[in-house]
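Single-letter residue listing:
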Amino acid sequence: MPELTRRSLIKTALAGSAAFTLSGCSILPRKAASHSPQQYTGAVGLPGDRFAVGAIAPDGKMLWQSPVNTRCHSGCNRPGTAQVAFFERRPGWAFYVLNSTSGERLHRIIAAEGEHFVGHGVFSPDGRYLYAPANRYEPGEGIIAVYDSHRGYQRANTFELNGIGPHQITLHPDGQTLIVGLGGILTHPDYDRIKLNLPTMKPALVMMDRGSGEILGRFQPSHHQLSTRHVDAAPDGTLYAAYQYQGPAHELPPLVARYRNGHYEEIDLGEDIHRALGNYIASIVAHPENDLVAIASPIGGTALIFNSRSGAIIEKAAIPDCAGVEALAGGDFLVSSGRGKLVRIGKGKPAKEIASMPVQWDHHLV
Amino acid sequence: MTRLTLAIFLASSLAASPLMAANANNTDTPTAEYRKQWHSDILTGYQNLAAQSQALATQATTYCQAPSSEGFEQTQQAWLEAFLAWQQVRFVDFGPVEQGNRAWQFQFWPDPKNLVARKASHLLKGDTPITPEKVSESGVAVQGFPMAEYLLYDQAFNNGEEALPTGRSCKLLVAVTRHIAGNGQSLANDWKGFQSNYLGSHQYTDTTIRSAMAGLEILEERRLATPMGLRGNGKRSVYAADAWRSEASLAAIDASVRGLKQSFLPAFSKLLNDREQTELAEQIEQGFNEVLANFPELDRPMAPLLADDNAYKMLQSLYIDVTQLTSLVNDRAAVELGVVRGFNSSDGD
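Chains as they are written, first to last, in this note's numbering: chain A, 410 to 775; chain B, 21 to 369.
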């Protein structure tokens with residue numbers, strides 16, 4: 410078969426650059442959360458429509474790349490172990506459990522019949538239970554599927570979200586409350602990614618007891634098309650939600666919300682910022698060491714840090730295709746992009762590219 | 021998606037200041053004049069779609085009132101003309117065409133599970149009356165050109181008991197073509213109403229350029245490379261193309277490229293020229309002409325070209341021209357203008 414396009418040239422070029430370059434400092438900063446392994450793991454796209462999960466060490470080496478069957482989205486480290494789980498991108502038909510030291514595949518767990526994963530999950534603090542948002546796609550019901558790692562990831566429980574389209578999940582610092590971004594968008598795997606219910610969406614930030622599945626709180630955004638996809642919890646229990654607006658691009662509604670002391674309120678970063686974000690946020694991370702929150706938008710090619718109390722923009726950078734955000738020890742953030750860049754950004758520290766590698770980082774780093 | 025982003029990745033790694041290379045928001049050039057032209061050119065395309073869709077619905081009604089083999093062929097012809105009118109504006113993936121998934125309503129594709137045939141079978145076998153309301157509530161696989169194409173062209177269906185002009189099939193054809201016509205008319209009207217928002221919001225300049233880039237990428241990757249066996253399992257298969265039932269896959273590509281040339285290129289060329297990218301603008305114009313020079317010779321069924329290695333060369337020649345055009349717009353112009361589609365930005369998650 411004649412291969413007459415630039416594609417082959419690109420492949421060759423990428424294959425030739427097996428090592429990636431580190432510009433500036435050659436040591437990546439440490440992660441902020443001390444209990445996490447000191448490495449960054451993310452789903453990657455590779456040349457030739459191949460996909461993997463990859464990890465890089467603080468000294469800037471690619472530790473491993475573990476091939477996966479299809480594109481993955483995000484994952485979660487398993488506390489107390491050297492294991493990391495990664496989820497296939499929506500509609501995700503499986504998740505992987507990998508040895509986070511070697512990348513060796515330990516499990517590939519297939520979604521239950523009639524369900525698919527959505528790219529995210531979180532473990533219980535003791536590392537036993539994995540909570541995975543999922544879509545029961547015929548009736549269009551959002552659920553949290555609970556898996557027991559002590560029993561080979563058998564299904565242990567199912568919690569109803571009473572809503573559609575769950576996406577990211579995280580754990581409240583109380584160790585007991587699950588925080589779920591309920592995007593509100595109905596999809597069905599037979600219909601590609603068609604959004605089937607835009608006029609009737611009911612997105613929400615949901616708090617759920619991880620033992621009983623009881624819904625403890627449900628907070629709805631100011632507009633029914635503000636798809637509440639991404640969430641984070643600060644150590645003091647303040648919750649953050651980040652939206653992806655499904656209405657027309659010339660409308661510029663708030664994109665971030667905060668829940669604190671019983672109050673859910675949206676933070677208006679201003680129309681210019683909303684425009685720069687393209688009405689879309691792919692990640693939100695509250696820094697555990699300070700009052701800064703970072704968000705990234707690949708649609709807008711913009712990452713920024715704002716003050717969680719005042720909403721004031723602290724730092725902002727144009728980073729094409731940026732999506733992943735991690736908090737770094739010392740108060741800065743690390744942003745990853747679909748172009749293989751890792752960029753450090755902090756208060757009084759404009760964005761600085763610290764690594765560039767021949768992979769495409771998918772949305773999230775863990 | 022991967023190919024494009026890798027290419028951009030490579031290109032951007034050569035840029036002197038990668039962090040700023042793609043910041044399109046720091047240009048102060050007033051861009052409303054480009055959008056004014058785009059709005060007018062796309063409106064022309066939408067009005068053509070509305071007119072051809074109405075003609076299809078009228079022809080289908082006429083045929084079903086007094087069926088004849090001549091009327092059947094006229095209905096097929098009306099379907100093709102309306103479908104090609106849609107192909108010309110198919111790249112527009114923002115604005116009123118997003119409302120109610122209108123783009124998907126016009127053309128549900130790809131359809132790897134053959135939902136169109138399954139839904140048709142289900143509707144035709146049932147007892148429930150086939151009404152406009154039934155079509156409206158039956159989902160995008162029922163509501164557009166592929167369903168009408170199935171009724172008019174599917175060989176197995178046309179040899180079966182329910183083939184046109186049996187009562188239920190005709191009811192479905194009329195209801196579906198009227199649904200298409202209704203959508204065509206509303207889309208043209210809504211696009212007019214969208215004018216002030218479109219002209220008043222500068223981010224729609226990038227949005228419009230990205231829509232053309234996405235249209236070219238889908239054309240190259242999914243409408244051409246995949247059926248040619250250059251992707252996935254490497255097998256040539258006409259069923260991976262769109263409009264294989266009507267054998268209009270290649271005519272549709274012709275129409276889509278002509279549509280981009282008519283509705284997108286004029287303002288885009290002006291924008292490139294204003295940014296002193298005269299040479300690139302000329303190359304892109306030339307690229308369009310080279311793709312279109314494959315037609316009308318290639319306005320023919322794709323399946324025989326996939327089956328014969330010698331004939332396959334004609335497809336390869338088209339494919340090369342398409343990749344060169346896509347490269348000029350999606351890689352070179354994208355980098356020059358700082359408008360990129362990426363691994364994550366195209367993902368929507």
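Bear in mind the hints are in silico, worked out from the structure with no lab data behind them. You may find that some hints are simply not true.
[As the list claims (entries may be wrong)] In silico DSS-like links for lysine-lysine, alpha-carbon gap of 30 angstroms or less:
#1 B:Lys-133 / B:Lys-191
#2 B:Lys-154 / A:Lys-611
#3 A:Lys-761 / A:Lys-604
#4 A:Lys-761 / A:Lys-470
#5 B:Lys-145 / B:Lys-191
#6 B:Lys-281 / B:Lys-212
#7 A:Lys-604 / B:Lys-145
#8 B:Lys-281 / B:Lys-333
#9 B:Lys-212 / A:Lys-604
#10 A:Lys-756 / B:Lys-212
#11 B:Lys-133 / A:Lys-604
#12 A:Lys-761 / A:Lys-725
#13 A:Lys-470 / A:Lys-758
#14 A:Lys-756 / A:Lys-725
#15 B:Lys-333 / A:Lys-604
To see whether the hints hold, each was checked on the structure:
1. B:Lys-133 / B:Lys-191: holds, 24 angstroms
2. B:Lys-154 / A:Lys-611: Given pair Lys-154 (chain B), Lys-611 (chain A) holds - Cα atoms ~26 angstroms apart, limit 30 angstroms.
3. A:Lys-761 / A:Lys-604: violated, 37 angstroms
4. A:Lys-761 / A:Lys-470: Roughly 19 angstroms separates the two Cα atoms, so the pair holds.
5. B:Lys-145 / B:Lys-191: Satisfied, since the Cα-Cα distance of roughly 13 angstroms is no more than 30 angstroms.
6. B:Lys-281 / B:Lys-212: Holds: Lys-281 (chain B) and Lys-212 (chain B) sit about 21 angstroms apart, inside 30 angstroms.
7. A:Lys-604 / B:Lys-145: holds, 28 angstroms
8. B:Lys-281 / B:Lys-333: holds, 25 angstroms
9. B:Lys-212 / A:Lys-604: holds, 25 angstroms
10. A:Lys-756 / B:Lys-212: Given that 30 angstroms is the threshold and the Cα spacing comes to 46 angstroms, the pair is violated.
11. B:Lys-133 / A:Lys-604: Holds, because 18 angstroms separates the two Cα atoms, which is no more than 30 angstroms.
12. A:Lys-761 / A:Lys-725: OK: Lys-761 (chain A) and Lys-725 (chain A) at ~11 angstroms, within 30 angstroms.
13. A:Lys-470 / A:Lys-758: Given that 30 angstroms is the threshold and the Cα spacing comes to 24 angstroms, the pair holds.
14. A:Lys-756 / A:Lys-725: holds, 10 angstroms
15. B:Lys-333 / A:Lys-604: violated, 39 angstroms
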